[in-house]
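*Asks:* Sequence:
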Amino acid sequence: MLENAVDEFAKLPGIGRKTALRLVLHLLKRTEEEVESFGNAVIRLRKEIRYCRVCHNISDTEVCQLCANPGRDHETVCVVENVKDVMSVENTQQYHGLYHVLGGVISPMDGVGPKDLEIESLVERVPREGIKEVILALSTTMEGDTTNFYIFRKLAPLGVRITTIARGVAIGDELEYADEVTLGRSILNRVDFTGTFTPPTP
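Just so you know, we're using the working numbering here: the sequence shown kicks off at 165 and counts up by one.
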């Protein structure tokens with residue numbers, strides 16, 4: 165039983181067997197009620213949390229609270245790689261539009277192509293929702309830039325304004341590790357995307 169529990173914890177990202185064992189031993193010290201509460205929380209998370217049918221952010225309803233909020237700017241969409249990036253941008257309190265979560269970036273080395281991401285749903289969403297600006301807020305890595313360029317090529321014929329976050333986020337950085345002030349300024353000082361891998365510095 166102990167070994168099985170350690171094996172399951174070790175499947176979590178960033179958790180080795182030593183850490184998994186430490187977590188299991190910690191749970192054994194807790195009361196039965198506390199462990200049941202922990203287990204039920206995980207089960208409810210898996211059963212009740214889904215992805216928003218509009219932006220693909222996590223939600224406990226069919227349409228997430230951000231998309232359903234009439235107070236948000238529904239003409240501006242910020243494209244991010246994953247759910248953690250939505251949280252990072254929201255924490256800046258500098259952005260009040262909507263989001264579109266791709267679910268990753270194009271990475272041939274990892275076998276991830278455009279069809280594996282939510283790019284087509286973004287292309288369909290722009291004219292359907294009357295979106296006027298798409299902000300590309302992907303990590304400043306080669307994979308992020310490649311994805312930016314691909315999205316630009318897909319959206320350019322639609323006539324929508326396409327911008328990217330300013331390079332206050334250092335080259336090679338992932339969005340979730342940028343501090344809130346830097347990320348907030350990068351969004352506020354966003355620049356038009358020119359269709360090149362290195363957008364101009366404002």
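Hints were generated in silico from the structure; no laboratory data involved.
From the three backbone atoms N, C-alpha and C, an ideal C-beta is built for every residue, glycine too.
Careful: at least some of the hints might be erroneous.
Keeping only pairs whose Cα atoms sit at most 25 Å apart, straight-line, the calculated DSS-like set for lysine-lysine is [claimed, not checked]: (1) Lys211 x Lys248; (2) Lys248 x Lys279; (3) Lys211 x Lys175; (4) Lys182 x Lys211; (5) Lys193 x Lys175; (6) Lys193 x Lys182; (7) Lys318 x Lys211; (8) Lys318 x Lys296.
Estimated spans, in silico, between C-beta atoms of each pair [claimed, not checked]: (9) Asp171 x Arg292: 21 to 31 Å; (10) Glu288 x Leu176: 17 to 27 Å; (11) Arg181 x Met306: 42 to 52 Å; (12) Val276 x Gly203: 28 to 38 Å; (13) Ile207 x Gln258: 15 to 25 Å.
*Asks:* Against each hint, give a clear statement of whether it holds in the structure.
*Replies:* We went through each hint and held it up to the structure:
1. About 20 Å separates the Cα atoms of Lys211 and Lys248, which keeps this hinted pair within 25 Å; it holds.
2. With a C-alpha separation of about 21 Å, the suggested pair Lys248 and Lys279 falls inside the 25 Å cut-off, and the hint holds.
3. Between Lys211 and Lys175 the CA atoms are separated by roughly 19 Å; this keeps the pair inside 25 Å, and the hint holds.
4. With a C-alpha separation of about 29 Å, the suggested pair Lys182 and Lys211 falls outside the 25 Å cut-off, and the hint is violated.
5. At roughly 22 Å between alpha-carbon atoms, Lys193 and Lys175 fall within 25 Å of each other, so this suggested pair holds.
6. Between Lys193 and Lys182 the CA atoms are separated by roughly 17 Å; this keeps the pair inside 25 Å, and the hint holds.
7. Taking the CA atoms of Lys318 and Lys211, the gap is near 35 Å; set against the 25 Å cutoff, the hint is violated.
8. For the given pair, Lys318 sits about 15 Å from Lys296 by alpha-carbon distance, which is consistent with the 25 Å threshold.
9. The beta-carbon spacing between Asp171 and Arg292, approximately 46 Å, falls outside the hinted interval of 21 to 31 Å.
10. Distance hint check for Glu288 and Leu176: the Cβ-Cβ separation is about 35 Å, which falls outside the suggested range of 17 to 27 Å.
11. The hinted window of 42 to 52 Å between Arg181 and Met306 is violated, with their beta carbons roughly 33 Å apart.
12. Under the hint 28 to 38 Å, the C-beta atoms of Val276 and Gly203, about 33 Å apart, fit the expected range.
13. Range check, Ile207 to Gln258: Cβ separation about 36 Å, and the 15 to 25 Å hint is violated.
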